[in-house]
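Protein chains in written order, with the working numbering: chain Y, 1 to 296; chain Z, 1 to 350; chain F, 1 to 237.
Please keep in mind that the hints were generated in silico from the structure rather than gathered at the bench.
Note that the coordinates shown come from a computational prediction; the quantities given were computed from them, not determined experimentally.
Glycine included, every Cβ here is placed at the ideal spot set by N, Cα and C.
One or more hints might be untrue.
Unchecked claim - Here are the simulated DSS-like cross-link-like pairs (lysine-lysine), alpha carbons at most 25 Å apart as the crow flies:
id, chain 1, residue 1, chain 2, residue 2
1, F, K69, F, K155
2, Y, K265, Z, K253
3, Y, K265, Z, K169
4, Z, K342, Z, K253
5, Z, K342, Z, K248
6, F, K55, F, K68
7, F, K197, F, K212
8, Y, K89, F, K155
9, Y, K89, F, K68
10, Y, K89, F, K55
11, F, K57, F, K108
12, Z, K88, Z, K248
13, F, K212, F, K57
14, F, K129, F, K69
15, Z, K248, Y, K265
16, F, K155, F, K197
17, F, K57, F, K69
18, F, K55, F, K69
To be verified - Cβ-Cβ distance ranges computed for the label pairs, FRET-style:
id, chain 1, residue 1, chain 2, residue 2, range
19, Y, S114, F, R106, 37 to 43 Å
20, Y, R267, Z, R130, 26 to 32 Å
21, Z, A100, Y, D124, 17 to 23 Å
22, Z, A100, Y, G134, 51 to 57 Å
23, Z, V98, Y, F270, 52 to 58 Å
24, Y, F149, F, A25, 31 to 37 Å
25, Z, R130, Y, L187, 32 to 38 Å
26, Z, I321, F, T196, 50 to 56 Å
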Amino acid sequence: MTTVIQFLIDVLSLGGAYALMALGLVIVYGILRLVNFAYGELIMIAGYVLYLMSGSGLPWLVMAFMGVLAAIATGIATDYIAFRPVRAKSVTAVLITSFAFSTLLQNAALLLVSPRPRPIPLPDLFSTTVEFLGVVTPARNLITILAAFILLSLFLFVMRYTIIGLAMRAAATNFRMARMLGVPANLVISSAFAISGLLAGVASLLWLGRIGSVVPGVGLEPLLIAFIATVLGGMRSLEGAVLGGFLLAFIDTGLNYLLPQDLLKFRDAFTFSFVILVLLWRPQGLIKGPASGDRT
Amino acid sequence: MNMSYFLRRHWLTLAFLTGCVVLLAGGASLIGDRLMERVTINLCINIVLVMGLQVFMGNSGILSFAHIGFMGVGAYSAALFTIPSQMKNMALPELYPVLAGLSLDPLLAILVGGLIAAVIAALVSYPLMRLSDAAAVITSFALLVVLHTVMLHWSEVTNGPRTLFGLPKYTGLLLAASAAVLAIWVGMIFKESRIGLLLRASRSDEIAAAAIGSNIPQMRWMAFILGAFLAGIGGGLWGHFITSFAPKAFFLKETFVILGMLIIGGPRTVSGAVMGTLIVTGTFEGLRTVENGLNRAELFSGQVIGLTEIVLALAMIAVLILRPGGLFPAREIGTLITLRAKGKRMNSSV
Amino acid sequence: MLEVIDLEVRYGSIAAVKGIRFSVAPGALATLLGANGAGKSSTLLAIAGALPVAKGKILFDGVDVTGKKPEQMVQAGLAMVPETRDVFPDLTVDENLRLGAYTRLRDKSGVASDRERLFALFPRLQERKEQAAGTLSGGEQQMLVIARAMMARPKVLLLDEPSLGLAPVVVDQLFAMIAELKALGTTILLVEQNATKALQVADSAFVLRQGKIATEGRASDIAARQDLNALYLGGGM
């Protein structure tokens, strides 16, 4: 019984972080058809802001808030630098600019900070363990579950009940028609990038809280996770992204419990081969998203 | 294809691009400067790699991230045949005994490396060629990750994440330059072949191209295999130039550099691929000198690294905004020269 | 109210609209007629800001609005219902209508009363307001896109082929609706294949042929002409 609870906590906490990462990628992809390769760098930026403020003596929550804010700002910057100028051109051009922007940010971190890992400040709570339903587990796992739950609910509320949420859902199916109802294209696009940044920023706190430090390449793994979860969940469905995140966490945790050590190192090769197979079978992803449209 | 028509139409482009490579290689060997020789060899290998990417991307219009993975396949495969057997104990302690006795002349080994890359590409990529847009990009990215993970963990063959060493230094100026020229010719011939023409037609109108009876996924597949072959050759050449490497050499950073060269030059033309490689390699070497200078002068507390990538990233974004087709968006350099000459003549006759 | 001066619209090198000029008076209903490919939809899309104007000018309420974005045109008071009948299929009927009022975020009470008025006009929509718009029938979807456009309280409404693909009974209802919208004071520019129906509700008509205006006049005069078909096709039939 305790193993089951342990497993559940592991899946839910990992899945919560994965779901946030996937959602942040899909919100941009769903509306703009942009696979944002610079997404992982939003997570990196939040980490470096935390690191840079570590000596400031500010309360941790303030630092965390600044980190998330930096991720949001970088998300919006992605729009202005890598997306908006080439939006009307080819899909390939947009992909390449976002890839270039990703490299740009990573190398800026290399140049300005260091190629070596830098510790990030974390509250003591993150390193304590608690007993929960008879299971001893790191407190950060429970924090992750709670934070993911709150943020996902907030996201759901915004998308369902606010006019900007409606506008974004509408733009995801038919951007042109949304504009013909007076929804400003640029506002929708910037909002999508800002929300993407918010999700990445919070995911960063939860993710880097596990690792404890930040390096320039730290964004790659979250990006890959978000890719897989997105493909699993249906490339354009928001609910699917969340589901995909939890599903991937379930698979990963399950493999961790089951696979022998010498096969475990090939886990990424297995999951990515699986991604390729899923896309071949269903190019739209496992769960069907809303009807497609264009992005101009 | 009618070879004489091809030559008549494209002799100037081929002559110009071949001339560039020959001049650089000849110059480097005459001057005899070690650094310049290194840079030129690197440049020639880059031309082979960029041409490999151009063959697929330029003709099909689909972005592929997997390319550098096949460069790795070529490099590791060739190495299996050229690391001297007495070295293999140290370089590949976990190697399967069956493979321990393999040995080939390096030139043959590099060719075999290219073939193995092509075969693997042929096996894994066929079903992928139906996909387009985001699905195509993510699958090619996933393929790169799969290839990378395998290189990283298949210690028996690759020595795992550790550096593989013991390759003989074989790639010299003459070999690298010859390979670059061959790659240029192959790319040009493919571009003007029936398959190349149909593929390029399919970018603007997939339905029309399918209507005239062309099987687009199959043609993309052929371009992909040829591209992987060139990438594999490039990998083998590079491996036998640098003589030791680790899997991280064949991942996103290298992908970014090779893609940057192609994008800046212009993916649709062979001239673009070659000139992009020349410009970016030249700029990189210049910047690296600056970086090294800064590091030696110790103006900054830490090491100055990453500057070259930042400049390349900015240049790529700028090119995509200001000149989306690259420096040579549609016409080959020979055509441009001919047109300009004609224009002058017309002007002077008026 | 709406004035189009020497408008040209191009798709690449092909001109779809080759310099047309017409105007619609406030509160009037004008109709653009013509065969497929005559340039009717292109004209509407260009007026709505959804297609670039190659040449010419568009005046709205006396103000030059050439080259404005679609969202700016809605803000200015011009709404368009495109031929593609684009409901947002995953959103409910009510959510579709809420988006229609996007430009009137501050006017909460006005929006609420307009919504009631439109529900009175389109009772079927009220019955289905919680349903996903994608589940409506073709006719209901057409009602929804018109109602949604009206939620912006536009001064001018552009309708592109509203009767396309609808059953004859529904078409009758639709034209009754259009007449009511006109009676409420909305200026309407209507593109229709169903010329007979369109000419019954319109004040004035313009017949487009190959991107140019072939004939124009009062709707009743055009309707009375025997050679309407010939006018469409340009032949001497």
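How the hints compare with the structure:
no., hint, in the structure
1, K69/F - K155/F, "holds (17 Å)"
2, K265/Y - K253/Z, "holds (22 Å)"
3, K265/Y - K169/Z, "violated (32 Å)"
4, K342/Z - K253/Z, "violated (43 Å)"
5, K342/Z - K248/Z, "violated (49 Å)"
6, K55/F - K68/F, "holds (14 Å)"
7, K197/F - K212/F, "holds (22 Å)"
8, K89/Y - K155/F, "violated (34 Å)"
9, K89/Y - K68/F, "holds (20 Å)"
10, K89/Y - K55/F, "holds (23 Å)"
11, K57/F - K108/F, "violated (35 Å)"
12, K88/Z - K248/Z, "holds (21 Å)"
13, K212/F - K57/F, "holds (16 Å)"
14, K129/F - K69/F, "violated (30 Å)"
15, K248/Z - K265/Y, "holds (16 Å)"
16, K155/F - K197/F, "holds (23 Å)"
17, K57/F - K69/F, "holds (14 Å)"
18, K55/F - K69/F, "holds (16 Å)"
19, S114/Y - R106/F: 37 to 43 Å, "violated (51 Å)"
20, R267/Y - R130/Z: 26 to 32 Å, "holds (27 Å)"
21, A100/Z - D124/Y: 17 to 23 Å, "violated (54 Å)"
22, A100/Z - G134/Y: 51 to 57 Å, "holds (54 Å)"
23, V98/Z - F270/Y: 52 to 58 Å, "violated (25 Å)"
24, F149/Y - A25/F: 31 to 37 Å, "violated (59 Å)"
25, R130/Z - L187/Y: 32 to 38 Å, "holds (37 Å)"
26, I321/Z - T196/F: 50 to 56 Å, "holds (52 Å)"
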